[in-house]
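Q: Residues per chain, in single letters:
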Amino acid sequence: MEFNEYVATRGQHLVRLGFVLSGDHHQAEDLAQSALMNAYRHWRRVRRMDDPHAYVRRILVNSHVSAARRRSSRETPAPTIETHGIEPDPAVALAEHDRLWRLLTELPPRERAVLVLRYYEDLDHASIAAVLGIRESTARATASKALASLRAARATALAKGASDDHD
Amino acid sequence: MTMTDLERDLRATLIEAGEHAPVVENLFVRASRPVRRRRQAWWVAGLATAATAAASVMITVVVPGGQDVANPAAGPSTPTPALSEALLGTWTPVDVPLFGGRTPGASTLPAGRVTDIAFQRDRSWHGSDGCNGVGGKYRAGDDGSFSASVGPQTMMGCWNVMHSEVLDQAARFGIDGRTLSFYAKDGRLLGTYARV
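Chains A and B, in that order, are what the protein sequence lines are. For what it's worth, our numbering labels the leading residue of the first sequence as 1, then goes sequentially. For what it's worth, our numbering labels the leading residue of the second sequence as 1, then goes sequentially.
Since the hints were derived computationally from the structure, they do not count as laboratory data. No experiment lies behind these values; they were computed from the predicted model shown. Be aware that a few hints might be false.
Stated by the list, open to error - Residues from chain A that face chain B, not an exhaustive set, calculated with beta carbons under 7 Å:
(1) N4
(2) T9
(3) F19
(4) V20
(5) L36
(6) A95
(7) E96
What the hints assert, rightly or not - Beta-carbon label-pair distances, calculated as ranges:
(8) R69(A) / D143(B): 40 to 48 Å
(9) A50(B) / K145(A): 55 to 63 Å
(10) D168(B) / D122(A): 53 to 61 Å
(11) V196(B) / E5(A): 46 to 54 Å
(12) L47(B) / P108(A): 46 to 54 Å
(13) E5(A) / A50(B): 32 to 40 Å
(14) R47(A) / E19(B): 45 to 53 Å
(15) V29(B) / A159(A): 46 to 54 Å
(16) H42(A) / A54(B): 27 to 35 Å
Here a beta-carbon is modelled for each residue, glycine too, at the ideal position from N, C-alpha and C.
Please model the entire structure based on the sequences and the hints provided.
A: Below, the structure written as structure tokens:
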């Protein structure tokens with residue numbers, strides 16, 4: 001497969017993955033572009049791999065996790081996330097999605113990445129471990145911890161919402 | 001796999017969020033152009049250095065009879081000058097990696113701009129970065145060791161060939177024919193110059 005064919009078939013998917021990971025339009029573009037640049041630089045080697053897309057995805061995810069960690073160690077304000085079309089909505093389902101989307105931003109970068117790989121990319125724990133360069137058991141434990149955090153945060157948010165309605 | 005409500009909501013949330021990602025039309029160009037440009041700059045710089053080195057080899061070829069073509073007045077018995085002695089004179093930049101990947105050759109400079117540097121016997125150096133005078137003191141050993149101080153300079157913005165940064169970081173130098181190279185303490189090539 002030529003590089004331009006790969007970009008035509010998978011490029012936009014990489015932008016979407018970048019957005020789901022970062023929650024930011026500019027970061028999504030930058031993540032996809034830099035992962036593709038990296039792949040283009042070594043394309044002769046990358047194209048011979050069993051799954052070139054797995055390689056590019058791995059670059060994108062890890063560069064996001066590294067950058068997010070660096071940012072979180074430098075910055076104290078909570079990250080702002082673009083909702084773009086998933087603003088709170090009167091419809092319950094949309095409001096729930098919006099709440100979950102915001103709760104996701106509060107997770108540590110690697111936990112969020114694990115959940116994105118699991119529930120957006122539909123990867124199993126072994127594949128997630130391969131992407132992040134961690135053990136399968138660590139991937140499983142991280143996913144479990146992240147889900148528990150989300151569950152607790154959602155329960156707290158729901159309880160707060162109910163209490164506000166009551167007042 | 002049985003999914004909990006939370007997992008189902010999470011999947012739906014992520015898929016919905018993905019639908020709102022920006023659409024990037026020119027990804028191929030954005031990904032490939034910077035790499036191509038860097039490769040091109042690398043080739044141009046490499047060719048310029050190779051051309052300078054080749055020219056210097058041709059110029060310093062000794063003709064039969066022992067006379068140096070580059071310096072016919074020197075005669076057959078002139079000894080090779082010491083390295084520190086060979087540094088004296090004026091040099092023009094050929095490849096300065098610190099200079100943002102550009103090749104500061106004369107062909108790429110605006111007409112009339114001079115970016116040469118000169119080393120004097122009194123251990124002073126001076127030159128121009130394109131629009132600001134630069135200079136200072138230097139110490140060069142015959143073993144290739146080098147250090148330099150940089151004096152005050154104006155900061156007009158123009159081409160700003162980074163002689164000061166090159167000399168300030170240089171720990172060693174080498175002269176191959178008419179090519180002068182400066183190296184950092186870690187062996188990194190800082191800049192290549194050609195004798196004027």
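Q: Each hint should be assessed against the structure and marked as holding or not.
A: A quick look at each hint next to the structure:
no.	hint	result
1	N4	holds, 5 Å
2	T9	violated, 11 Å
3	F19	holds, 4 Å
4	V20	holds, 5 Å
5	L36	holds, 4 Å
6	A95	violated, 11 Å
7	E96	holds, 6 Å
8	R69(A) / D143(B): 40 to 48 Å	holds, 46 Å
9	A50(B) / K145(A): 55 to 63 Å	holds, 57 Å
10	D168(B) / D122(A): 53 to 61 Å	holds, 54 Å
11	V196(B) / E5(A): 46 to 54 Å	holds, 50 Å
12	L47(B) / P108(A): 46 to 54 Å	holds, 49 Å
13	E5(A) / A50(B): 32 to 40 Å	holds, 35 Å
14	R47(A) / E19(B): 45 to 53 Å	violated, 29 Å
15	V29(B) / A159(A): 46 to 54 Å	holds, 50 Å
16	H42(A) / A54(B): 27 to 35 Å	holds, 31 Å
In the structure shown, a violation is registered for the earlier hints numbered 2, 6 and 14, in ascending order.
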